[in-house]
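Residue numbers (my numbering), protein chains in the order written: chain H, 198 to 563; chain W, 16 to 159.
Bear in mind the hints are in silico, worked out from the structure with no lab data behind them. Warning: the hint list may mix true and false statements.
Here are the simulated SDA-like cross-link-like pairs (lysine to any residue), alpha carbons at most 25 angstroms apart as the crow flies [claimed, not checked]:
1) H:K212 x W:Q94
2) W:K75 x H:G330
3) W:K75 x H:L223
4) W:K75 x H:D332
5) H:K212 x H:L223
Cβ pair distances, simulated, as ranges [said to hold, decoys possible]:
6) H:D363 x W:D40: 46 to 52 angstroms
7) H:G359 x W:T78: 36 to 42 angstroms
8) W:N68 x H:R492: 37 to 43 angstroms
9) W:V46 x H:A500: 51 to 57 angstroms
Think of the CB as a built atom: it goes at the ideal place given N, C-alpha and C, for glycine as much as any other residue.
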Amino acid sequence: MSIVIAGFGSSGIEKRSERGIAAFALDAALAALADAGVTRDDIDGYVGAPFATNAGSPHAEGGDEISLKTVSSLMGLRLGWGADLFRRYPTDMVATAAHALRAGTCRFVLGLRALYVAPGLDYATAASERVFGADQFTKPYGYTTAGARFAARAWAYMAQHGATRDDLFAIVDLSRRNAALNPEAIWRDKPLSFADYDRGRMIAEPHGLFDCDLPVCGAQAFVMCREEDLPQGGHPARVTGFSGFARPEALWSMSGRSVADLKTAQLYDGFSSMVWEWLDGLGITPPGGAPAFLRDGHAEPGARLPLNTFGGALGEGRLHGMGHLREAYLQASGRAGPRQQATGPALVQVGPYDDSSFVLLEPATV
Amino acid sequence: MKQSMSDTSQRPQPVATAETRPFWDGAAEGVLCLRRCADCGRLAAPLAPRCVNCLGDVFKVETLSGRAQLKGRCVVHLQPLPGRDGPLVIVEAALHEDPRIVLIALDETGITETALPGAALRLGFGPVEGSHRFAMVLPPEDQG
Numbered sequence: 198m199s200i201v202i203a204g205f206g207s208s209g210i211e212k213r214s215e216r217g218i219a220a221f222a223l224d225a226a227l228a229a230l231a232d233a234g235v236t237r238d239d240i241d242g243y244v245g246a247p248f249a250t251n252a253g254s255p256h257a258e259g260g261d262e263i264s265l266k267t268v269s270s271l272m273g274l275r276l277g278w279g280a281d282l283f284r285r286y287p288t289d290m291v292a293t294a295a296h297a298l299r300a301g302t303c304r305f306v307l308g309l310r311a312l313y314v315a316p317g318l319d320y321a322t323a324a325s326e327r328v329f330g331a332d333q334f335t336k337p338y339g340y341t342t343a344g345a346r347f348a349a350r351a352w353a354y355m356a357q358h359g360a361t362r363d364d365l366f367a368i369v370d371l372s373r374r375n376a377a378l379n380p381e382a383i384w385r386d387k388p389l390s391f392a393d394y395d396r397g398r399m400i401a402e403p404h405g406l407f408d409c410d411l412p413v414c415g416a417q418a419f420v421m422c423r424e425e426d427l428p429q430g431g432h433p434a435r436v437t438g439f440s441g442f443a444r445p446e447a448l449w450s451m452s453g454r455s456v457a458d459l460k461t462a463q464l465y466d467g468f469s470s471m472v473w474e475w476l477d478g479l480g481i482t483p484p485g486g487a488p489a490f491l492r493d494g495h496a497e498p499g500a501r502l503p504l505n506t507f508g509g510a511l512g513e514g515r516l517h518g519m520g521h522l523r524e525a526y527l528q529a530s531g532r533a534g535p536r537q538q539a540t541g542p543a544l545v546q547v548g549p550y551d552d553s554s555f556v557l558l559e560p561a562t563v
Numbered sequence: 016m017k018q019s020m021s022d023t024s025q026r027p028q029p030v031a032t033a034e035t036r037p038f039w040d041g042a043a044e045g046v047l048c049l050r051r052c053a054d055c056g057r058l059a060a061p062l063a064p065r066c067v068n069c070l071g072d073v074f075k076v077e078t079l080s081g082r083a084q085l086k087g088r089c090v091v092h093l094q095p096l097p098g099r100d101g102p103l104v105i106v107e108a109a110l111h112e113d114p115r116i117v118l119i120a121l122d123e124t125g126i127t128e129t130a131l132p133g134a135a136l137r138l139g140f141g142p143v144e145g146s147h148r149f150a151m152v153l154p155p156e157d158q159g
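Bound-form chain H, shown alone:
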C-alpha cells in the first residue's frame, strides 16, 4: 500500500501582520485542499505540530500557536482522528499521518503548521524569575537565547574542520539565490553580497544576523491519502521512507534507497551552520566535508545534490521545516516550476541536530 501527499498549500508569508495566526492557517489549509482536489467534508484526519519554539513565545492558542481543536472548529471539520505532536516537526507529521492511513483509521489527513510573530514581545529572549526542569541548567546562563546552543556547536565544527565565516556565507548566499525563484519567499528579491552579510550585526558568534532565519507569519498545509484514494486532479508524491535521528539508516532500509539515489535534499537551516551536520551525518559528505561540498558548488541547482532549492528557511522564512517538506514534495511530484531539478528521491530533514527526523518522497509512477 502506497501512501502519498496529494497536495500542498501555502499562505502568504509576512514579517508582521494585522491578521491573526488562524487566518494564515486557514489560507494554507484551503490551498492544500484545493491542490489535492478534496473538499472540507472529505477530511477525516488531522495532524499538526503547533508549538512555538522561540524563547519569548506566550504560547497562546490562536495567538502564536494554533492546534487541532481551533483549526477543526474554525474550519468546521468533522474528524474521525487527529493529533498534535508536541515539539515535533513536519517530518514527524508525515510519518504519523502515514501510520493512520495505513491502519485505515481515516482516508484524507490534513497536515498543518503555522508560525506567527506576536507583536510587542521580545521574540528571542524571555526574562523569568524562576526556572524549572532542564531550564534550571540553561536559562540562568542565557543558553536558550538567540540559538546559543547552535552557535556553540557551529563554533566547535568550524574550529575542528577549519570552516570560516565565508563557508557560512556560502550557505546564506545559496539560500538567497534559490529564494529568488520562490514566489512565497520573504527574501525573494533580496540578494546579499558578502559585504552585506559581513555588516550584519553579530547575534551569537559565530552566527550573525543573516545566519538566522527570519521569524515570520505564515502557514503551510498538506493533504495525505492512500494512493488508491487519490482524487481526480490530485498531485501525488509517494512517501517511501521516514526515520528519526537515532536510526537514520531506517530511512534507507524502509525505502530501499541510498544516498546515491537522492536527486535533491532539503536540510533544516534555522541557522546556516546546521546544514553541515546532516550533509556529514547522512554520509553525503565525509565528516567535516560539508563546507567544501558547498564551496565546490555541488549543492547548486543542477549540480550533484541540489540543496534547499526553495531558498531554505534562510531564504523563505521561518516555517520550522514546513517549507522544506513542501519543497521536497514539489520536487518529487515534478511541480517545482523554474526550480525543478531532476525528479527522483527527494530527501527532507527537519530538526536541530540530534533531534532531527527524515522523510523520503518519490514520484508516484501512476
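Given the structure of chain H, go ahead and fit chain W onto it with the hints provided.
Chain W only, in chain H's frame:
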C-alpha cells in the same frame, strides 16, 4: 511591556527537585556535586531520576574535580541576563569524570577567548546572585 508580578532584575532562579538539589546544594558551597550510581558506577546528569546505564535509582553524591573540556563556545550579543552589559560568553563544558555530561557555564573573565575545542577548563561557582551560585569558568590553577 515586560511580564508583571515577577522579579526579573536578577538571574533566573532554579527551582530544584530531589534530583537536582545535590547539585545546587554543592553549588552553594562552591563545589561541583553530581550523583554516582551505587550499582554500576556511572555518573548521573543532574536531572536524571535513574541511572541511564542500568536504570538503578540508588545514588551516592560525589564531589567532582571541576576539571572539564571545552566542547562548545559562543558569544551572545543579545543580552538575556539582567545586570550584565555587553556580550555574554557561554561555554559547554564536558566533565573530566564523564565527558558525556555537559554543563553550561559563563566565562566572564575571557579565559576561553582563544581556546579551541577540547581545551582544559576548570569549573567553579560565582558569587551568590539572588539565592544561588552559578557555574563559571575559573582561571587555570598554577601548575607549579
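Going down the list of hints, with the structure as the test:
1. A hinted pair counts as satisfied when its Cα atoms are at most 25 angstroms apart, and H:K212 with W:Q94 qualifies at roughly 23 angstroms.
2. Pair hint W:K75 plus H:G330 holds up; C-alpha atoms about 21 angstroms apart against a cutoff of 25 angstroms.
3. Of the pairs offered as hints, the one joining W:K75 and H:L223 is violated, with about 55 angstroms between alpha carbons and a cut-off of 25 angstroms exceeded.
4. Between W:K75 and H:D332 the alpha-carbon distance is near 24 angstroms, which keeps this suggested pair within the 25 angstroms criterion.
5. Annotation: proposed proximity of H:K212 to H:L223 holds, straight-line Cα distance about 18 angstroms (limit 25 angstroms).
6. At about 48 angstroms, the CB distance of H:D363 to W:D40 agrees with the hint of 46 to 52 angstroms.
7. For H:G359 and W:T78, the hinted distance range of 36 to 42 angstroms is satisfied, since their beta carbons lie about 39 angstroms from each other.
8. Between W:N68 and H:R492 the CB atoms are about 42 angstroms apart, so this pair conforms to the stated range of 37 to 43 angstroms.
9. Between W:V46 and H:A500 the beta carbon distance is about 55 angstroms. The supplied range of 51 to 57 angstroms therefore holds.
Hint check: a violation occurs at hint 3 only; the rest are consistent with the structure.
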